[in-house]
Every structure is written in structure tokens, then in C-alpha cells.
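**Q** Residues per chain are reported as follows:
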Amino acid sequence: MRAFDPIILTLILLVPLAGAVLVALLPDRDKLPNWIALGATLVTFLLTLHLPAHFVAGQSGFQFEVKLPWIESPAIFYHVGIDGLSLWLVVLVGLLAPIGVVASWNAIQTRRKVFYSLFLVQQTAMVGVFVSLDLMLYYGFWELSLVPMAILIAMYGRKEGSKAALKFFLFTFIPSAPLLVAILWLYARTHTFNFSELQYQAASGVLPAGALFWVALAFLFAFAVKVPVFPLHGWLADTYNEAPVALAMVVAGKLGLYSMLRFHVGLFPAQARAMAPILIVLAVIGVLYGACLALVQRDFWRLMAFAALSHLSLIVLAIYGLTLTGWSGAVYQILSHGVVDGALFLLLGALELRYATSAIASYGGLAAKLPQAATCFVIATLAMIGLPMLSGFIGEFVILSSTFTAVSRSAAIAAALGVILGAVYMLSLVQRLFYGPESALTHSNPHGDLHDGELAVLTPLVVLMLVMGIAPSLWLNTIQTGVHPPPPIKSTVILSGGRRATAAEGPAFVLSGAQPQTSRAPSLRLLSAARVGDHESQPTTTPEAQR
Amino acid sequence: MNPVPGIYRILPEAILTLTGVAIMLVDASLPPNLSRRYLGFLAAIGTTIALWASVGQLAFPQGTGFFGTVETSAFTVFFHVLICGIVLVALLLSLDTLPEHSHHQGEYYALIVFGAVGMCLLTSAVELLVVFIALEISSISTYILAGYRKQTGRGPEAAIKYFLLGSFATAFLLYGIALIFGATGTTEIYQIAQLAPIAQNQPLVLAAMALMLVGILFKVSAAPFHVWTPDVYEGAPTPVAALLSTAPKAAAFALLLRVVYEIFPHLRSLWAPLLWVVAVLSMTVGNLAALRQQNVKRMLAYSAIAHAGYLLAAFAGIGSIGIAAAAFYTAAYAAMNVGVFAVITLIAGYDEQLSLIDDFRGLIYRSPILGSLLIFFLISLIGIPFTGGFFGKFYSFSAAVDGGAIALAIIGLLNSGLAAAYYLRLALVAAERPSAEQAAPPKPHVGPAVIAAISLAVLTTLVLGIVPGAVLHAAQSAAHTLQVPPQPSEAPGAPLQSPQ
Numbered sequence: 001m002r003a004f005d006p007i008i009l010t011l012i013l014l015v016p017l018a019g020a021v022l023v024a025l026l027p028d029r030d031k032l033p034n035w036i037a038l039g040a041t042l043v044t045f046l047l048t049l050h051l052p053a054h055f056v057a058g059q060s061g062f063q064f065e066v067k068l069p070w071i072e073s074p075a076i077f078y079h080v081g082i083d084g085l086s087l088w089l090v091v092l093v094g095l096l097a098p099i100g101v102v103a104s105w106n107a108i109q110t111r112r113k114v115f116y117s118l119f120l121v122q123q124t125a126m127v128g129v130f131v132s133l134d135l136m137l138y139y140g141f142w143e144l145s146l147v148p149m150a151i152l153i154a155m156y157g158r159k160e161g162s163k164a165a166l167k168f169f170l171f172t173f174i175p176s177a178p179l180l181v182a183i184l185w186l187y188a189r190t191h192t193f194n195f196s197e198l199q200y201q202a203a204s205g206v207l208p209a210g211a212l213f214w215v216a217l218a219f220l221f222a223f224a225v226k227v228p229v230f231p232l233h234g235w236l237a238d239t240y241n242e243a244p245v246a247l248a249m250v251v252a253g254k255l256g257l258y259s260m261l262r263f264h265v266g267l268f269p270a271q272a273r274a275m276a277p278i279l280i281v282l283a284v285i286g287v288l289y290g291a292c293l294a295l296v297q298r299d300f301w302r303l304m305a306f307a308a309l310s311h312l313s314l315i316v317l318a319i320y321g322l323t324l325t326g327w328s329g330a331v332y333q334i335l336s337h338g339v340v341d342g343a344l345f346l347l348l349g350a351l352e353l354r355y356a357t358s359a360i361a362s363y364g365g366l367a368a369k370l371p372q373a374a375t376c377f378v379i380a381t382l383a384m385i386g387l388p389m390l391s392g393f394i395g396e397f398v399i400l401s402s403t404f405t406a407v408s409r410s411a412a413i414a415a416a417l418g419v420i421l422g423a424v425y426m427l428s429l430v431q432r433l434f435y436g437p438e439s440a441l442t443h444s445n446p447h448g449d450l451h452d453g454e455l456a457v458l459t460p461l462v463v464l465m466l467v468m469g470i471a472p473s474l475w476l477n478t479i480q481t482g483v484h485p486p487p488p489i490k491s492t493v494i495l496s497g498g499r500r501a502t503a504a505e506g507p508a509f510v511l512s513g514a515q516p517q518t519s520r521a522p523s524l525r526l527l528s529a530a531r532v533g534d535h536e537s538q539p540t541t542t543p544e545a546q547r
Numbered sequence: 001m002n003p004v005p006g007i008y009r010i011l012p013e014a015i016l017t018l019t020g021v022a023i024m025l026v027d028a029s030l031p032p033n034l035s036r037r038y039l040g041f042l043a044a045i046g047t048t049i050a051l052w053a054s055v056g057q058l059a060f061p062q063g064t065g066f067f068g069t070v071e072t073s074a075f076t077v078f079f080h081v082l083i084c085g086i087v088l089v090a091l092l093l094s095l096d097t098l099p100e101h102s103h104h105q106g107e108y109y110a111l112i113v114f115g116a117v118g119m120c121l122l123t124s125a126v127e128l129l130v131v132f133i134a135l136e137i138s139s140i141s142t143y144i145l146a147g148y149r150k151q152t153g154r155g156p157e158a159a160i161k162y163f164l165l166g167s168f169a170t171a172f173l174l175y176g177i178a179l180i181f182g183a184t185g186t187t188e189i190y191q192i193a194q195l196a197p198i199a200q201n202q203p204l205v206l207a208a209m210a211l212m213l214v215g216i217l218f219k220v221s222a223a224p225f226h227v228w229t230p231d232v233y234e235g236a237p238t239p240v241a242a243l244l245s246t247a248p249k250a251a252a253f254a255l256l257l258r259v260v261y262e263i264f265p266h267l268r269s270l271w272a273p274l275l276w277v278v279a280v281l282s283m284t285v286g287n288l289a290a291l292r293q294q295n296v297k298r299m300l301a302y303s304a305i306a307h308a309g310y311l312l313a314a315f316a317g318i319g320s321i322g323i324a325a326a327a328f329y330t331a332a333y334a335a336m337n338v339g340v341f342a343v344i345t346l347i348a349g350y351d352e353q354l355s356l357i358d359d360f361r362g363l364i365y366r367s368p369i370l371g372s373l374l375i376f377f378l379i380s381l382i383g384i385p386f387t388g389g390f391f392g393k394f395y396s397f398s399a400a401v402d403g404g405a406i407a408l409a410i411i412g413l414l415n416s417g418l419a420a421a422y423y424l425r426l427a428l429v430a431a432e433r434p435s436a437e438q439a440a441p442p443k444p445h446v447g448p449a450v451i452a453a454i455s456l457a458v459l460t461t462l463v464l465g466i467v468p469g470a471v472l473h474a475a476q477s478a479a480h481t482l483q484v485p486p487q488p489s490e491a492p493g494a495p496l497q498s499p500q
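Chains as they are written, first to last, in the working numbering: chain A, 1 to 547; chain B, 1 to 500.
I should point out that these hints are in silico values taken from the structure, not numbers from a laboratory.
Among the clues, some could well be false.
What follows is a list of derived Cβ distance ranges for each label pair [what the hints assert, rightly or not]:
1) B:Arg37 <-> A:Leu68: 46 to 52 angstroms
2) B:Pro434 <-> A:Tyr78: 55 to 61 angstroms
3) B:Pro434 <-> A:Asp449: 31 to 37 angstroms
Computed cross-link-like contacts, DSS-like style, restricted to lysine-lysine with a CA-CA straight-line distance of at most 30 angstroms [to be verified]:
4) B:Lys161 <-> B:Lys443
5) A:Lys31 <-> B:Lys443
6) A:Lys159 <-> B:Lys161
7) B:Lys150 <-> B:Lys161
From the three backbone atoms N, C-alpha and C, an ideal C-beta is built for every residue, glycine too.
Bound conformation, chain A alone (with noise of 0.2 angstroms):
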């Protein structure tokens, strides 16, 4: 099997591309494309589990990693590879795709071929985000996610399709053109558009400390839109209103998080430590102001936008918060929200689909109907919530701890208000949709429960919340690796060579030369809490945390 890994991101990339190809191609008879689509999205997440069958947990640097020249001037490479970080976000999409086929099996009847072709190129360009390493190639695939999510969300929203996917293709587009800019002044300055190349040289100083401010911004405003951070998430309401149920599950959230991870902090950890006081306010805020709006929506679609803002806020605030347990949780808690979401927006999709409204006083009564789908749902708000034992508490704990332990005890608690009116509201909703009287709409038309392709879908999604609730340790030791970055060796050339301090205390792996590496981390408690920078750790025991 170890003769696959050379190939294996490339053929992660190609397969929904051929799948789209084909769809493209064959005649839109019976379920044929559905059919195709749900081939090659399966083949996808099997080939994804490949990763982690045989990634080396204890290794820094990246992985799979594949190198070719693209073109030859400027030097552009086709240049992939995972690590930590990536490698489950890789394997979350993979798994989030034949799940949005299944919930699109019924909901999508009209021009089946295009909305499949076009999810799968959603899923190639996504995979592409995750893996890419050569900044230019990371562009192309970032602004090709783009196009299929705005043309479907034009073809098949509810009401006003074309008005929401110009708002979400505009939002999202115009700040990538600062991005652009500030990659094309990097490569004029560095002539190189490998990412540990450009990590290393703005982390050397080489650099105008002042330019890189504008370009570290740059990626800033970026990231933050897609994401989305508080002010800037105009376009989410909407698109989560028209989106099909299998693109709202993957529109916000990981790319932007991700890029912020790795782009962002990992490639201007300086800049971001001078920004990261603004980033946690706001984000402070998107946890409070997504939360109380959410209380007050009357569609649930709506109501699950505002949900996102404030659980992708605090994920922000771990992200800023600059701390290696936070990024962690960070990544633990974008795993979780993914599946959780995920599994949310399914049962969601399938009561409007039987209901036809998501209204949400529409609904009422619904347990005794349909008492698989409230089963489901109720997990899943648990998990949304952060009940122990579920797959949210581990990310939210781990966030909220070190952030009250090495960041700002304030925001933590203001944080944690966030998170405590999260389990309000969502409750509220299970209480309206599925408890109390049963309403006309719900009296007047009989359904069936979840048919077998919905359980089929539904049960991993159970199981994994379950699991990833239990077993944490099985994910955070990869995404540690990942975390804890680059070889030393960089770290030691940068130490030795006697920069000023802001570039020494900048970057995140000058500490973590330093640090043990230790092939796996025992457990969540060994996880330092330390301020990343400060030159000491401060190992926390949490009570919580044993059991």
C-alpha cells in the first residue's frame, strides 16, 4: 500500500474531477448521476482513509508530499503534500461528500448533471485548498471553490437564488484580489511561492517588517470573509437560506479556518501576534452577537448561519488566542462542527424536504412521527452544545480553558456566555420542531421517517460524534504533529542568527525547536497551555479534563 503514497493526494484530487467528467458526459437518465456521484465521492473518502492508515504521527514536516514544476516562469509547482493539520480536514471532506450526494438524492430532480458535475469540482477544489503548499496553486484552487457553489446556489435556491450566490460569490471574491497582490508581492520579493520557503524568509526578517504588516493583512481579510469573523459575515444568512443542503454543509467555516491556521499564523506568526488582540474581540463578539441572533430566527436555515458565526467565532478565538493547546482544540473543534453540522443540515434538508418549509413555527410535534430523525437530531444538538462525551465538548473545553489560562480570562468567559446561549437556542429548536403539539403542517401530511439512505448517512455521523467525543486522543495526536511545527534545524539557523527580537519572538516554532518532541502526546493533559512566544510552559492539570 505504501507504493500509493506518492500519488494518493493526486488521485484524492482527480477522482471527483473524472466523476465530474463522466457525469458530465453520460445521459441525465434515471439516478445515473446520482449514482456516478456517489461512486466517485465514495472512492474519494476510501482513498482519504488512506492517510491516516499510514501517516507517521511522530514526524514533522509534511507528508505524501509530491513536487512537480508547473510552470517555468514564474516558478510555479505543482506542489502538495499533508501534515497534522490538514490530514483530517482532507479525510472530514472526504467524508462530507458522499453524505451531501445522499442528501441531495431527493431534494435535487432537475438538471441532475450539472449540479453533480459541479459538486464534485467543488470537492476537487476543496481537497485542493487543503493540500496545496505552493501558495499560487493554493490561490487556484481557493478561488475555484468559488464558481460551482455560486452557480448552484443561483440554480437551485429557494427564492432568491442569483441575489444570494452574487453576494456570496462577491464577498468572498473581492477580498482575494488584496490576496493576490500581496502573493504576487511576496514572489516578487522572495521569487519563490513554496510555503516553508516563504515561512522561513518572513520569519528571517529578510523582509520589511512594514510591507509584510500590509500582506499579512491582506491574507487577514481573506481568510476572515470566507470564514466568516464578526463584521464581515454579510453574505452567510443568505447563502445558508439558499444554498442546497449539500453545499451549506461545507460553505463556511474549515477553508477559511484553515487558511488562517496555516497562512495566516503559520506563515506571519509576528504579524498575527500584533493582530491577534483585535481578532480576539471580534471574534468575542461574532461568539455573543451570532448566539443572541440566533435566539430571535424564525427559519432555521437562518437560525443555523447565526449558529455558525458564533461556533466558527470561537474557533477564531482559539486560532488567536496563539496558543498550541488552542490550536488544537482548534482543529479538534473544526473536525467536530464539521460532522455535527453536518449531520444537523441532513436532518434539516430532510424535514424540508417532506414539509416543504423551513419555517421553523411551521413544525411541532414531530417525535412521534418521526422518532428515528428526532433521535438523530437530538445527538446532534448535544454534540452542538458541548455535552461531555460528545465529539463539541472536547473542542470547546479545550478551547475554552486555554483561552482562560493564557489568554485573556475575560474573553473566556464572555466565550463561554456565547457557548451557554448556543445550548438555548439549539434545545429551543429541538423543543419546537420535534416536541410540544403537533402543528397543522405536521398533522396534515404524513410522512415517512428517515428512509434507508438517510440512516445510512446518518448512523457513522452518530457513531463518529460518539467516538470523537470518547476517544479524542485518536485525532489530536496527528493534528498535534501538525501543530507543533517545522524540523528545528530552521529554528536553529534563525536562533543563531542573532535577529532582532520581534523576529525571534515571532515565529511559533522558534519555541517549539526547543520544546520535547514527543512522538505522540499521551493525553489531553500533558497538553501545554503555554502562551506561544512566552518562553516558559506552564504545564496545566484541568479536573475536567480527567475524566
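Assemble chain B onto chain A, guided by the hints.
**A** Just chain B now, kept in the frame of chain A:
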């Protein structure tokens, strides 16, 4: 002394001229009721041979012919191939979309071919009077073509507007030529380049440069010389608009490159800020105006103005980087723009029953392939990666960043966000569900010639977006040959493909 006979230096132009004359002769000798459609095939074949001949010119050493009036170099070959390619696509497109019974089909094809002669000559001329003659040949053909649909009101309006404003601009250029002749005593570009910096009367040189720039910027429809563009594109038949928006512009950009980088490189501190302003104006004016358009062709006309602006951003690049970026952008722009016009010709039909953006609603449901192609070209025009439009913008703005014009690059990329709004509006309208009350328009007639034309455009756009290496290399050789003028002694030089 010249080892290459002069005729080989103008081989593509000669072939195109012979083709045009042959078309006119055959047209005149055919009985009046016979279909002239096959003359289009004759034109297409002639253009293909000319294209092949220009590639063949790469085998000669770089040098001039006909007493130093025309040149062959990697630069001229690059633009010849580009122009012949565009003309070929436009011809193939016309073959299937011109109505069978339309008048003067013979002249139509002949004029396209004669226009191509002028444009090709414009890129290879190194003597300012020949430049002027070439510009006139191409302009006069296109003036007539713009008014080809004379039964509608808009056709003649377009032609007259284009003619009046175009003549005015040509006059500016001619005036500039006269002044530079007064300042240096010669009209040969290489001699001017040597004499202009040491000319006695520098104000005269400056005035000459300004006048020439005005004339050329008019031809590339850069703001503030752009007002003719929307009316002309709207009034001209769509295949002609496809041609007008690409080929003459490519030729004019080649001339602009020659003028600023070859004649006046020493005045860079003057023309670079000037072109900076024109670039920003063109992008902004073009995009803002395009946002408000309801008519698809007018929208594309304003977008063409904006693209001229993006292309001018490349002129902020120093030396061969800027030239290569501009040449590459011209190619990428030509491929996608000719493609989008081709698709629109098919959708809207020759008589343009569908001219408004709202008429395109539900296109992807009615004819999925045409709808997808339209969206594909629009995506390329937006500049999404893995299409030619992206690398065009990429090289253009990286040349600007490299030349220190970071503000220009930021303005340009923000503008491309603005542009995304209207391109996407069309794409998304095409992707929407058709409304119930909308009458189904007739199915377009899609013949093999059109399929060939569109496939050529799609392939080029994709190749430029995914493996741009070869074209980029050609653009760099072109840039290099423009930077390094041939030796005056015309000794057999190095092969045209320069090392870089």
C-alpha cells in the same frame, strides 16, 4: 545583402491579400443567385495558410525587408498567429450564422480578410508610413463591416460613428508621425529610436509621442477614448463584434508596445504615469458602466474597455517583463472574448432576438451545452484560475507589481471584483430556472464550422489557463526580440527564438 528575400518577410500578408482578391474575383464571376457561402471556406483556408506561413517565418533570422519597412521577429509572428487565429474563428462563426440570402456575402468575407492584412502588417511594420497605411487598411475594412447590417437602424449608426471617430484618431496618429519626422528627419522606427533622445527639438518629440498615444489608445478603446465602443459593438453583427473586439485591438496593442518600448523607451518617466492613469480610468469607467447595462453586447463592450485597462497595467512592467505580460494578456483576452461573442451569436441568433440579459434566463435549462460554454467563458473573463483569463491577469498584475506599481495592481484586482458582479449576473441569470411566461426562443442552428470555432476558443482558453508555459515562452521570445532591435547591417543574426 539580405539573405532572406523580401517577399518572405510579408508572406502571411501576401497570402491574405491574394485570398481576398481571389474572393472578390470569384464573387464577381459567380451568377448572382448562387450562394456565396463557400467563399467563406475559401477565406478560412487562406487564413489558415497565412497562419501556417507566419509560423514558418520563425525559421528566418530576425530582420527587416523591403528597404527596412517590415520586420519579421518572434514578436511579429506571435501577433500574426494571434490575429490569424481570431480571424479564422470569426470566419468560421460567420459561415454558419450569416443568413443564406444576405447581400454582399462575398464582400463580407473579402473585407474580413483585407482587414486581417492590415492588422498583420500593422504588427510587422517598422516604418511609420507603412504603419499608417496598415492602420488605414484595417480600419477601413472594419468601418464597412461594422455597418454590414444596413437594414437595421443601428448598423449604419455604428459604422458612421466608428468611421468619424476612427478617422479623427488616425489623424492624430498621422500628426504625431509628421512631428516625429520633423524632429528626427526619418520615419524608420529603429532610426527614430536612436535619434529621438538626441533630437534638438525635444518638445516636438514629446508632442509627437502624445499625439501617437492618443491615436493608438483610441484604437484599443481605452478610456477616455472609448465612447465609440458600445455603440459600434451593439450595431455590428455579432461575429463582426467578436472580430472588432479582439483582432484590431491586438494589432493596436502590438503597435503601442512598439511605440512605447521601442521608439520612446527613454521617455518612460513620461508615458508610464500616463498609461497608469489611462489604465485605471479604463478599468473603472468600463466596469462601472458595464454594471448598469441591460444589453449583453453593450455590457461586453464596456467589459472590453475594462480589459484594455487590465492590459495597460502590464505596461507598468519594466522591459521584457511588461511586454511579455501584455502579449500574453492579449492572447488570453482574444481567446475568451472571441469565444464569448461566438456563444452569444449562437444564442441570440444573427438578428439578435435575445439581446437583453434577462432574455438569457434559464439558458442552461434550454440548451445545457451553450449555457455551460457561456458560463465557462464568463468565468474566464472574471479571471478564475485554470482559465486563460486568470493567467492573463496574473501576469499583467505581477508585471505591475514587479515594476513597483502596487497601487495599480490593487486597483486592478478590486476592479476585477467589480467586473465579477456583472459577468456573474449574466452567468447566474443563465443558470436560473426559466420563468413560465417566457416564450421559448428558436433552437440555434449549430453547424460544424461553428463547432470548430468554439472548440478552438475553448481549447485556447483552457490551454492558456492550465499549461500556459508554451505561450508564455513565445511571449517572452517576442518581448526579447522587441527589446533587442536587429543589427542595422542586417547580417544574418541568431535564429528568432531567442534563448529566453
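**Q** So which of those numbered hints doesn't the model satisfy?
**A** 2, 4 and 6
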